[in-house]
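Protein chains: 2
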Amino acid sequence: MSRKLIWLAAAAAVLGSATAEAQVTKSPPVDAEQVLRVPSVNYRTEWVQLGTFSVLAEKPQDGAKELHAVYTERKNVEAYLNDGKFPDGAVFVKDLWNAKTEALPTGTASFAGDLIGRFVMVKDAAGKLGSGARFGDGWGWAFFLGNETVKTVTGDYKVDCLSCHEPVRKQDLQFLQGYPILRK
Amino acid sequence: MSRKLIWLAAAAAVLGSATAEAQVTKSPPVDAEQVLRVPSVNYRTEWVQLGTFSVLAEKPQDGAKELHAVYTERKNVEAYLNDGKFPDGAVFVKDLWNAKTEALPTGTASFAGDLIGRFVMVKDAAGKLGSGARFGDGWGWAFFLGNETVKTVTGDYKVDCLSCHEPVRKQDLQFLQGYPILRK
Chain A
0 MSRKLIWLAA AAAVLGSATA EAQVTKSPPV DAEQVLRVPS VNYRTEWVQL GTFSVLAEKP
60 QDGAKELHAV YTERKNVEAY LNDGKFPDGA VFVKDLWNAK TEALPTGTAS FAGDLIGRFV
120 MVKDAAGKLG SGARFGDGWG WAFFLGNETV KTVTGDYKVD CLSCHEPVRK QDLQFLQGYP
180 ILRK
Chain B
0 MSRKLIWLAA AAAVLGSATA EAQVTKSPPV DAEQVLRVPS VNYRTEWVQL GTFSVLAEKP
60 QDGAKELHAV YTERKNVEAY LNDGKFPDGA VFVKDLWNAK TEALPTGTAS FAGDLIGRFV
120 MVKDAAGKLG SGARFGDGWG WAFFLGNETV KTVTGDYKVD CLSCHEPVRK QDLQFLQGYP
180 ILRK
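Taken in sequence, the protein lines are chains A and B. Residue 10 in numbering that gives the first Met the number 0 sits at position 11 of the first sequence; the count goes up by one each step and never skips. Residue 51 in numbering that gives the first Met the number 0 sits at position 52 of the second sequence; the count goes up by one each step and never skips.
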């Protein structure tokens, strides 16, 4: 197999029944721009969790197949509550977890299992933080498989990212409806 | 109607198709002990989110019916990673959100809608933080409907809380499997 085919096979094995978002695996990994890399800070304890999205399994009775948890810095939350928008340079990390599910007294409950990968978005309204195929529509965009923090599998954000975000274009391409702490 | 019946009718209206956990609504509200009240700090931005549980709808194809998000102070996470247990006085808040669900390119995605209420647990291994029917098994326990922070509907934790937590008795009655940041 070519190096690219080997890599694709490995990615498919990691991702299993991939979500639509995982079409990002079409591009072989390359070094992401510094501003788009997964932050070195422990964002899960140092930043604010904006919200978690539960994605239903192919067989709904199995519960969730994935949980997607979104983080940003506290100062960005404060800026949004004051200004109604996020400042340039605001970084968002979305953890994609494969869900595990148990039958509990509360019901069929799903929770975070293994990490599939992480999406990073950085606000760039002025278009000054980067150029090229991972920047546009007011944002920088990159996806990183597993615990990878530098090498992104996002090639062109218009191909790899935008299709999933189009439903929320009027909300600056963010799924704000899932972030209760931003409500007033 | 008696005052108690009126209250029960109101609680049922708020809770809708109640989860097993909502059996806590059997008791009319009373002032909770200070240590068990919903913290006045903005725990959603100031504390750490340990994890979110997605609870499947009665009709699975509808997605999640609730999302349960658990928070504690950062110092408690650090203590757990060092000692393998939480210190006495560690407070845990679990937000219960009614889920909203949308068909998105990623799949059937559920996220936090309205707040049903909040569970508070405080670690009390030494049994020094409180006495009475809301304390026992190494913890204090209370549930608060909606945005209420003082008046709890938890009477006897053995009746109102323990049945849901029995499956994790060996984990000090906590659903640790859903908290990835506590894994080593």
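Note that these hints are calculated values from the structure, not bench results. Glycine residues also receive a C-beta, built at the ideal position from the N, C-alpha and C atoms. Some hints here could point you the wrong way.
As the list claims (entries may be wrong) - Pairwise CB distance ranges (calculated):
#1 126/A to 127/B: 56 to 62 angstroms
#2 87/B to 87/A: 29 to 35 angstroms
#3 147/B to 99/A: 45 to 51 angstroms
#4 131/B to 44/A: 17 to 23 angstroms
#5 161/A to 181/B: 48 to 54 angstroms
#6 147/B to 175/A: 23 to 29 angstroms
#7 86/B to 102/A: 53 to 59 angstroms
#8 78/B to 60/A: 35 to 41 angstroms
Unchecked claim - Short derived list, chain B residues pointing at chain A, Cβ under 8 angstroms:
#9 38
#10 42
#11 48
#12 74
#13 78
#14 81
#15 83
#16 84
#17 86
#18 88
#19 89
#20 108
#21 168
#22 177
#23 181
Checked hints:
1. Separation of residue 126/A from residue 127/B is about 59 angstroms and conforms to the stated range, judged on CB atoms against 56 to 62 angstroms.
2. As the Cβ distance of residue 87/B to residue 87/A is approximately 45 angstroms, the hint placing it in 29 to 35 angstroms is violated.
3. Between residue 147/B and residue 99/A the C-beta distance comes to about 32 angstroms, which lies outside the given range of 45 to 51 angstroms.
4. A beta carbon spacing of about 34 angstroms between residue 131/B and residue 44/A contradicts the range 17 to 23 angstroms that was offered as a hint.
5. Taking 48 to 54 angstroms as the suggested C-beta distance range, the pair residue 161/A and residue 181/B does not conform, at roughly 35 angstroms.
6. Hint check: residue 147/B to residue 175/A, Cβ distance near 26 angstroms, so the stated range 23 to 29 angstroms holds.
7. The supplied range of 53 to 59 angstroms is broken by residue 86/B and residue 102/A, whose beta-carbon atoms lie about 32 angstroms from each other.
8. For residue 78/B and residue 60/A, the hinted distance range of 35 to 41 angstroms is satisfied, since their beta carbons lie about 39 angstroms from each other.
9. Taken as an interface hint, residue 38/B does not check out: its beta carbon lies about 15 angstroms from the nearest beta carbon of chain A, beyond 8 angstroms.
10. Using the Cβ-Cβ criterion of 8 angstroms, the hint placing residue 42/B at the interface with chain A is not satisfied: the shortest such distance is roughly 10 angstroms.
11. Using the Cβ-Cβ criterion of 8 angstroms, the hint placing residue 48/B at the interface with chain A is satisfied: the shortest such distance is roughly 4 angstroms.
12. Hint on residue 74/B is violated. Least Cβ distance to chain A is approximately 11 angstroms, over the 8 angstroms limit.
13. With a least beta-carbon distance of about 13 angstroms to chain A, the hint placing residue 78/B at the interface is violated under the 8 angstroms criterion.
14. The restraint placing residue 81/B at the interface with chain A is violated, with a minimum CB-CB distance near 14 angstroms, outside the 8 angstroms limit.
15. Hint status for residue 83/B: violated, given a least beta-carbon distance of 17 angstroms to chain A, over 8 angstroms.
16. With a least beta-carbon distance of about 18 angstroms to chain A, the hint placing residue 84/B at the interface is violated under the 8 angstroms criterion.
17. Taking 8 angstroms as the C-beta contact cut-off toward chain A, the hint placing residue 86/B at the interface is violated, the least distance being around 17 angstroms.
18. For residue 88/B, the shortest C-beta to C-beta distance to chain A is roughly 19 angstroms, which exceeds 8 angstroms, and the interface hint is violated.
19. At about 15 angstroms, the closest approach between the beta carbon of residue 89/B and any beta carbon in chain A exceeds 8 angstroms, and the interface hint on this residue is violated.
20. Contact between residue 108/B and chain A, as hinted, is supported at the beta carbon level, the nearest pair being about 5 angstroms apart and thus within 8 angstroms.
21. A least Cβ separation of about 12 angstroms between residue 168/B and chain A goes past the 8 angstroms threshold, and the interface hint is therefore violated.
22. The closest approach between the C-beta of residue 177/B and any C-beta of chain A is roughly 3 angstroms, which is under the 8 angstroms cut-off, so the hint is satisfied.
23. Evaluation of the residue 181/B hint against chain A yields a violated restraint, the C-beta minimum of about 11 angstroms exceeding 8 angstroms.
When the structure is compared with the earlier hints, violations turn up for hints 2, 3, 4, 5, 7, 9, 10, 12, 13, 14, 15, 16, 17, 18, 19, 21 and 23 and for no others.
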